[in-house]
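Visitor: Residues per chain, in single letters:
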Amino acid sequence: MQAAAKNTLKWTEVGTINDIPQLGSRIVCTDEGNIAIFRTADDEIFALRDQCPHKGGPLSQGIVHGKRVACPLHDWKIHLDTGIAVAPDEGCAATYPIKIEAGKIFLSLIANTGCPKQ
Amino acid sequence: MGNASTEDLIYQDSARGVYRKLVIHDNRIKGAVMYGDTLDSNWYFDLMRDNTDITDMRERILFGQAHLGDSGHGKENRVVAMPDTAEICGCNGVRKGTIVKAIVEKKLFTLDDVRAHTKASSSCGSCTGLVESLLASTLGGNYSLAPHAKPVCACTDRSHDDVRKAIKSFDLKTISATMGFLEWKTPNGCNKCRPALNYYLLCAWPGEYKDDNQSRFINERAHANIQKDGTYSVVPRIWGGETTPGELRALAEIAEKYQVPTVHITGGQRIDFLGIKKETLPKMWGDLSKAGFVSGHAYGKAVRTVKTCVGQTWCRFGTQDSTSMGIQMEKLTWGSWMPHKFKMAVSGCPRNCAEATIKDLGVVCVDSGYELHVGGNGGIKVRVTDFLCSVKTPEEVLEYTAAFSQLYREEAQYLERTAPWIERVGLSYVSKRIVDDEEGRKELAARFHYSQKTAQSDPWAERAAGTDAHEFQPLKVVG
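Read top to bottom, the protein sequences are chains A and B. Numbered per our numbering, the first sequence spans residues 6 to 123. Numbered per our numbering, the second sequence spans residues 5 to 483.
Everything labelled a hint here was simulated from the structure, so no lab data went into it. Just so we're clear, the structure is a prediction, and the values are computed from it rather than from any experiment. Even glycine gets a Cβ: it sits at the ideal position worked out from N, Cα and C. A hint or two may mislead.
Under the rule of at most 25 Å between Cα atoms (straight-line distance), these lysine to any residue pairs were calculated in the SDA-like manner [as the list claims (entries may be wrong)]:
| hint | chain 1 | residue 1 | chain 2 | residue 2 |
| --- | --- | --- | --- | --- |
| 1 | B | K196 | A | R54 |
| 2 | B | K123 | B | D166 |
| 3 | B | K436 | B | D166 |
| 4 | B | K111 | A | D80 |
| 5 | A | K82 | B | T114 |
Computed footprint of chain A on chain B; a stretch qualifies when at least three of its residues, placed anywhere within it, have a C-beta under 8 Å from a C-beta of chain A [as the list claims (entries may be wrong)]:
| hint | region |
| --- | --- |
| 6 | 61 to 68 |
| 7 | 170 to 177 |
| 8 | 190 to 197 |
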């Protein structure tokens, strides 16, 4: 479903992979709040709303490990690919469609709706 | 229980139905028998597992760990007798009934399980003893751990001490080399082990190890304290807590220029600017640098503050120049990364207005010189310092300060304050290394001075000049 939708998405170029440190994150500021762009050790890129489902902590400021980020406020762990909190915590941060072309990061500013089933 | 080589310590109160027996060999606990009040069983177990030398607490060990209740729990410290509605975890508002229910229904067996499922003991940690007691009383004989050293985190079976030894013995110089050599179970660790490894490496290889920003908790990566709304706080260093009208004027102008929402005086005699947006930090630091201020490291596992009183310059009771002493100690130690935060104070007389006896290192001036006190803590577990020794001159105070700091840096576990460290290794051990062994003390001090050569570089000035600019700027602003 999402693959089909991807063709019709409006993409915004936000920078290159190298603008983000490995195991790090940078934010994209929008009128609807910040979006955190993460880069793993394997150069995978993920985008999440920069708000922990727990108390709204800025996930972009957390320590990235594997495909997870630890929220800096109360140490919830969030899966970068799904936005879902690592069990037994419950909740999820919205994900954003993202694509990489020739090292450039393209982001859709419309979040994927709802949280995927666990 | 026990044999010809062991000794027994026994406490018996028949009227209260309490019996405790500890079996000791070579001043280490080898076994324990408890009847009636068994609240301290976890503490004895920890001491046994850690093979802690109990010489320094031998005369009071049978009376238990006095500070199990700690701040935030009123006088409640007998967990079995508490009602289900009693609040165990003050930080997260978790009641006894919730924890017991989770232990039973979700079949929890470890402290980490309870932390994950209930949040109890997962914030400041002061109720850990209470939660462990609840586990013990709920599970009965099912709650036990094999006596072995605690691993750093779930990414490895190795203990903190194993890791430190390996780093030095096998010349491991990066986080990935250390993880590879010690067969870490995860590809790049977690937010528990990476900061620990980063610290151990920079302590082991001063001037050589390249600090890994991504393995720093945000406060140390951004050199400011993150607040609940995602803004930051900024605390400039005010040496020894002594300032001037000129400095205050400069701070006031900067606070007004950046429209700082809250200005607060800290417990460590500093001024705290709260509510600063991250992208504003480098500019504000530039202005602070121009006014002569450096980072106060209020955000770090590092030397924080040296608090002083006005001493003999003004006070009619002052015996020494406590303010200058404190300033010299702060100039010596600032910028040093530590296993945990490290606070100092210098009081000009035994009235102790600078509260030196609840600091990691406290100096109390007396007519004949300076008393050095170590291992105090004014936080979760209030602990009064242990008296280390007396010295005669300011030069000696500085030498002992450097040596004690370095011993703590080299041997404590990451995130272990001086108070639990000293309780674990014993004051006698610290005293042997710092007081009795003059040559060893001088070597420790020399290693501290060497490490400081590269550590004393102001991170705020560097960032004001452009270092790590990506950390403070958005990738892009759209809309």
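Visitor: Does each hint hold? Answer for all of them.
Guide: Hints and how they fare:
no.	hint	result
1	K196(B) x R54(A)	holds (24 Å)
2	K123(B) x D166(B)	violated (29 Å)
3	K436(B) x D166(B)	holds (23 Å)
4	K111(B) x D80(A)	holds (23 Å)
5	K82(A) x T114(B)	holds (19 Å)
6	61 to 68	violated (count 0)
7	170 to 177	violated (count 0)
8	190 to 197	holds (count 6)
Violation of the numbered hints given earlier is confined to hints 2, 6, 7; the remaining hints are satisfied by the structure.
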